[in-house]
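Generate coordinates for the entire structure from the input sequences, incorporating the hints supplied.
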Amino acid sequence: MEGTGHIAEGRPTSRLPALAIALLLAAFLLAPAPFGKPAAAAPKKVLTVATNGSVDSLSPFLAQRVLPTEVHRLVYDFLTNYDPKDDHAVPAMATSWSPSPDKLTWTYAIRSGMKWSDGVPVTARDIAWTYNLMMTNKDAATANGNFVANFKSVTAPDDSTLVVVLGKPQATMLALDIPVAPQHVWESHVSDIGTFSNDATFPIVGDGPFILSAYRKDQYIQLDANPGYWRGRPKFDQLIFKHYANQDAEVQALKKGEVDFAGDLTPAQFNSLKGAANITLNNGDGKRFYALAINPGATTTNGKPFGDGNPALKDPLVRQAIMEAIDKPALVNKTLGGFGVVGQGYIPPIFSTYTWSPPATETVGSDPAKASQLLDQAGYRKGPDGRRTTPDGKPFTLRLYGETQRAEDAQNATFVKEWLDAIGINVSASIVDQATVGDNETAGNYDLAFDSWLVNPDPDFVLSIQTCGARPATAGGSFPGDNFVCDSTYDQLYAAQISEYDAAARAGLIKRMEAQLFTDRYVNVLYYPNTLEAYRNDVIGSMQMQPQPNGIYDGQDGYWSWWSATPGAAASSSSHVGAWAVVAGVAVVAVVLAAVVLLVVRRRSTAQERE
Amino acid sequence: MSAAQLAELRHTFALDKPVVVQFGDYLLRLAHGDLGVSFQYRTPVLRLILEHLGATVYLVGTATLLAAALGLWLGARTAWRRGGAADRANTAIALTLWSVPTFWLGLILIVVFAVGVGPIPGLFPTGGISAPGVTGIFPVVADRLAHLVLPCLTLVAVLYAQYLLIMRSSLLDEMGEDYLTTARAKGLRDTEVLRRHAVPNALLPTVTLVFLQLGTVVSGAVLVEAVFSWPGLGSLFYQALTVPDLPLLQGLFLFFSASVIVMNLLAELLCPLLDPRVRTG
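Residue numbers (our numbering), protein chains in the order written: chain A, 31 to 641; chain B, 3 to 283.
Keep in mind that the hints were calculated from the coordinates and are not lab data.
Watch out, some of these pointers could steer you wrong.
Straight-line distance between alpha carbons at most 30 Å, and here's what the computed DSS-like set of lysine-lysine pairs gives [to be verified]:
no.	chain 1	residue 1	chain 2	residue 2
1	A	K334	B	K19
2	A	K168	B	K19
3	A	K286	A	K75
Now the structure itself:
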C-alpha cells in the first residue's frame, strides 16, 4: 500500500458530496408539511381516531375482531342499543318488546321510517332475513351465530313486527349484538357469504349513524355521516379510523394533531401526555377483568379426568392460601401504575348492575401468616429449607403460565412467584407464546395461569364459560370454557338467571354466581385495568362517555361517542396540501435540478481543463 | 365449539388426512399457484401477498438503492483516503447507525421530523403510506413521497454501512495493484484513476451484496414497517405471526425464500457480464 498517500494527494472532489447533500435535502423537502389530514374539495369536519386494531373482514357475518365490530356498530343498526349512562338496553330498531307468558316467544315492534343509505326502507323483514340466514347458513353464523343458537324461528308477520320463538327461555334477548344487513343487497352474496368480505364497492349500504365510504387494508377506514339517521345526524362530517401498528407513534400523532383520539394507552404513554397542549385525558373504568386461574383438575363433560394439574389444588385450603399470599393492591400499584381497580367480583365495576363485593371479612391485601397457617392446616409442612412438601412427602411445586402477548403477565408472574415463594411454595413461571399457553390449557397441563376476559353489558357469555357444560366433550379437545370449573351450585344459578326475565332478580342471581366463584377460588380476579384514552380538545368539543361518569369513549357498547362528538374550534380538514406547499415543492425540485445541472457542467469543464 | 364442528373444521382444512397426503395436496396446489387461504382474512394467501408487495418494494427498494449508492460512494471515498479524518468519521458514523436499534431510530425520527422539536417543524406524517381522501396527481405524488421520507431515511441510515465497509475493503485490496500506478503514470487525474480503474474492480463483491440485499427486499423491514405502520409484507408477516395464521406464514416463507434464491441467481448471472475474468475462466 505504499502508493496510498501519493494517490490521495489529488484535489478533493467536492462535487459529489454536494450532489448527495442536495439530493438528501430534496428528499427531506420534496413534500413539505402537512400530509396528516385528508384534502377535500369542501371543508369537512373530520374526526380521526387512531387505532391499532386490524380488520379480519368487513362482512357483518364474518368480522370477529374488535375494530370491524366497532365499525359495524356505526354502519348497521341493531335491534337494541345500550344506554350511554348505565348500559341498560334501550330502543334502536326495536321501539318496544314483550316476551310471551311462557317466556318462549319475543315480539318486537320495529321502528318505521328508517331507510338504508340507498333509499330502500328498513323493515322487520331485513332483520328476520339476517337472523334466519345465520340460523340456516353455517358460514353466515361465523361471527354472531351464538346469539341465534337457541332460536327456533324468526318471522316478520309485517314490516313493523318481528317475532322470535326460542327453544328455551333466554334472558339476553335485549342484548342481541347482531348487525342487521340489508336483504336486497346481501341476497346476491348468500352463495359466497363465507368469503365475501364486503369491501368491493363503496359506499357500503347501511343504516347506522355513519356510512362506510372507503377502506384501505391496514391504512384507514373512512366513514361519512349518514344525514338521514333516525336518531340524528352525527355532528362530524367524516370519521376516520387510522391504522397505527406502533402505539408510541400513535401518541406522537396525537400530540401533533394528525389524529384526534388515541385509546388503549399504556400507563407510561398516558403519563407522558399529562400537561400536553390541547389534550384531554380520560382515565376510565375498564371492561376487562384480569384473573389468576387455578386448575381444578381438568375433566370432560362426562367427568373423566385428564391433564397433569397438581392434585393439591383440589384442596380449598391450598387455593385460599395461595390467594391470601397474593397482594392485589400491590399489583394494581406496580403493574398498572395505579391505573386499575383491585379485583373483587367476576364482573368489572363498570357494569354497576352486576357489581359484587366480597364480605368485609375477606383479606383485601395479603396475609402471608394466614396463608402459612392454612397450608400447615392442610398438611403441607415446611421442611428445614423453608420449602413445603405435600402430605405424601413430595416437594410442592406449581407451574404458572402467562402469555408474552400480554405485557402485564411477565411482571405479575414475578410478583406471584415471590409471594408464593415466601410461604414455601415453589413456583416455576413460564411466560410463553399465546398459542403455547392455549395448548397447555386445552391439554389440562397447568397449575396456575393468568386469564383475562372482556365483559359485555350482558355478562351471560363470561358466566357461561365457567359452567360444567363448557368443559370439553373429549379429553384434550378444544372447549368453549375457560378453566374446567364445574360447580353444581353455580350451574343451577346459571340456569336460573338465563330464564329470569326480571332484570333486578336476574342481577341478584348473577351476584350470587360471583359469590360462588369467589368462594371456589378457581378463577380469582386480581384487578380490572382502567381504560386510558386521550383526545384533542381543540378538535373534539364534547362527546358522550359510556357509562357515566367514569366510562370510556372508544370501544363502547354502542355508538355514543362518535355519534355525539361535537367539533371544537380547530376541527376541520384544514391542514390538507395547501397551495403554498405545492409552490414550495416545485421550488425545491427546481433548486435541486439547477444544482445538479450546475455540478455536471462544472465537472465537465474542470475535467477538460485538467486533461 | 362442539365435537362435530371440530370434525368439520378438520375436514375443511383437510387435517383429517394423513400428513403425507396433506403435503402431496399442498405441493399439487402449489404447482397451480394456490398457496391456500388465510385463517384470519379468509382470503387467498397469494392475493394478500400481492396486495402488500407493492408497498414493500416501494419502501425497501428505494431505501436499498439509496443506501447502496450512498454506501458505495462513501466507501470509495474513504478507502481512497484511508486513515484520514474523513475516513475515520465516516466509518464511525456508519457503524454507529448500523448498530442503532431500528425501531428506536424510527421513533426518534418521528419525534424530531414528524412531530417537531423546538425550531424544527413537524414536516412529515407520523405513519402510513398515504393519507385518506387526497386527490389529484401532484397532491397524491407529494403525499406518497412525504410518507416515504422517514421510513426510507431510517432504513438507509441502518443499511448503508454494510455497502460502505465492503466497498472500502475491496477498494483497499485494489489500491496496492500495479495497474493503478500504470494508470497514474499515463498522467490520468487522480479521480479518473479511482473512477475508471480502481472502482470497477472493487465493485464485484459489492454487486453480489446488493443482489443478496435485493432478495430480502420483499421480506421487508418488519421493524421499520411496524414503527411507521407501513402496509407492506413485513406488517402482514407480523399480523400472521400474532394469530398464528399458518397458511399465510407458510406462503410468506415460501415467497421470501424464493425471492432470495432468484436474486442470488441473478447475481451469479450478472457477474460474468461485469467481470471478463469470470467469463473466460
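Results of checking the hints against the structure:
no.: 1; hint: A:K334 / B:K19; in the structure: 28 Å, holds
no.: 2; hint: A:K168 / B:K19; in the structure: 23 Å, holds
no.: 3; hint: A:K286 / A:K75; in the structure: 18 Å, holds
Violated hints for the displayed structure: none, as all numbered hints are satisfied.
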